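Assemble the complex: chain A is given as a structure, and chain B must be docked to it using the hints.
There are 2 protein chains.
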Amino acid sequence: MNCQQSLFIWGVAGLFTVSAGAQSDKPLTIKSQGSFFVGGETRTTNPPNQPPQDVTVNQMYVQYQEPMNGARHVPVVMVHGCCLSSKTWETTPDGRMGWNEYFLRKDRPVYMADQVSRARSGFDATIINEVKAGTAKPSQLPNVLMASHQTAWAVFRFGPEFGKAFDDEQFPVKAADELYKQMIPDFNSVLPMPNPTWKDMAALAVQLHGAILMGHSESGFFPEEAAMIDPSGVKGIISIEMGCTTNLKPDQISKLSKIPVLVMFGDHLDGVKGRFGSVWPENLKTCATFVKQVKDAGGNAELMELPKLGIHGNSHMLMQDKNNLQLADLILNWIDQNVEGKKVSARR
Amino acid sequence: MNCQQSLFIWGVAGLFTVSAGAQSDKPLTIKSQGSFFVGGETRTTNPPNQPPQDVTVNQMYVQYQEPMNGARHVPVVMVHGCCLSSKTWETTPDGRMGWNEYFLRKDRPVYMADQVSRARSGFDATIINEVKAGTAKPSQLPNVLMASHQTAWAVFRFGPEFGKAFDDEQFPVKAADELYKQMIPDFNSVLPMPNPTWKDMAALAVQLHGAILMGHSESGFFPEEAAMIDPSGVKGIISIEMGCTTNLKPDQISKLSKIPVLVMFGDHLDGVKGRFGSVWPENLKTCATFVKQVKDAGGNAELMELPKLGIHGNSHMLMQDKNNLQLADLILNWIDQNVEGKKVSARR
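Quick note, the sequences are listed as chains A and B, same order. Here the first sequence stands for residues 15 to 362, where the numbers follow our numbering. Here the second sequence stands for residues 15 to 362, where the numbers follow our numbering.
Hint data in this document are derived by calculation from the structure and do not stem from the laboratory. Be careful, since some hints might not be right.
Note that the list lumps identical chains together, so a pair holds whenever it fits in one copy or between two copies.
Simulated pairs of lysine-lysine, BS3-like, Cα-Cα distance not exceeding 30 Å [to be verified]:
id, residue 1, residue 2
1, 272, 287
2, 306, 151
3, 336, 287
4, 322, 272
All figures in this text were calculated on a predicted structure; none of them were measured in a lab.
Pulled out of the complex, with its shape left as it was, chain A reads as follows:
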């Protein structure tokens, strides 16, 4: 896309319908904003011909905005998926308002985290330099995930085959090139287990005196993982479009059964041809099992399948689809009813 095309997209952005009170062309007054890190540890390396050097790894970068009336609501922590960054939640590929700003305009404190090993959180690149220097083997290099256009089209369910969209496709496929720019190398394979992002999400929830954790795709089950490490700050779990773990232990299910859980899926789960065709039917199945397990343990878990609500054509990128604010309203309503239902006073 060239500059003129980009400007065109910015120019038309104001034409999209946005629900009342949240128009992107209305001024936005915020109480505070900023960024900080959660977690991180020191690793000592021994580069050739130098004294030992310390580097910091496994830190998680968090960028936040607090709205004026934010104290009325539980903060929402948004964590992106594979091969993406927090850009996921911002301005959509076709220039509309993202969920980060929409939630903010709906008085929710919003905290966006770049996963540990991605984007502004950085990652531990030591092994790359060691292989180059000959002190480690090429086989020790991480598997770096780079999502191609072709993979994104299939896995993100823009259409049955590359370049062809579903008739009712909600993803703005004409701006797919702008989505492809969001896709960056995924170094999660260099991370220790358990993934430090899980621990950091749990710690962030505690630091915020309670938070709703939202994950998507690769990070879709991260809120559950965080809550199983430390549920004390996790007031709600929103898991969007992912596979679920179905062999949790009773004490793990028990922890999760004390937290409201929403699992969301879009449309055309069985509509993709080729090697990714079974991904989404299988993911839905695992999540149906997981949701049942939590409910059977007395928990409040909901499997929200958008087509069953009469909402059709949604891709994997719910937060960027043309009806993204309608879907945001579904989530906000779920939060109001399930997380904040009995909570009307200040959270702090």
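Frame of chain A; chain B shown alone:
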């Protein structure tokens, strides 16, 4: 942007004292915010056992906020240095307001760009997977720069030797661990030349109908490089703490002599012991030569050495030092006088 509205707001804005609005505990009203990409191109790769795959590389991620009275001022584009991201300009390591918010509260539209190949801009990781797969040699791996705590302490001039601060050090060294979390792998060595960030910065300035480009350290001379590629959108250049190129051709100097240039340096340039001891005296020297060349060609270039203004103890990280807002005021005053001196009407 709604020009009528902007002009109206411009008229009212004069009633308020700007400095009062710059306190971090006061609400902040913004006209718009969001993010987008500049540049980017498609690269086709041939992974084993798969059809050819297209990935997007060399795109530059930009995050922006437009203040209510922004139309009065030329936007400022901030680009971070080596092994860092746009976090550079945000909340300081000890939790104070960063330049991004301060400039915004001073009515400047602020655009923060993650350099191409860093953070949310991503990078081309193809070679890593090729070396792992055995289709490329380890020697083809990039030199990945990872700044260690020891290197940062010396190069960022926190003190004469690791762990010891200068008596009048302005960097908040007690929060150095928080700075170390900002340091992430630098893959600039995988980039083609000329560096796509230069072209993208120039293109962004055009897209904004004029912008001031600000670079720091590794990117300190990027504004000049951008302007030499396309000066048409570059209304001012702010180069902070870097080495300057001294062998530019007359036509390049001529281009730069038509744009106001500010070059800033902090304190203790000759105070660091060890292998980095000569870095800053040498950098100052090259920039003194460069500034003289621009001035000799009739340009408006200023070499601002803070100690000569009676401001002492500043590190390499001027935007994070304890007196960072005092230094921001110096820059804002320079912009007012040198870039916007004859400009009183709306910019769009």
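A quick look at each hint next to the structure:
1. 272 to 287: neither (39 Å within a copy, 57 Å between copies)
2. 306 to 151: neither (45 Å within a copy, 50 Å between copies)
3. 336 to 287: Answer is within; shortest intra-copy Cα gap is 23 Å, inter-copy 58 Å.
4. 322 to 272: within (26 Å within a copy, 63 Å between copies)
The structure fails hints 1, 2 (numbered hints given earlier, in ascending order).
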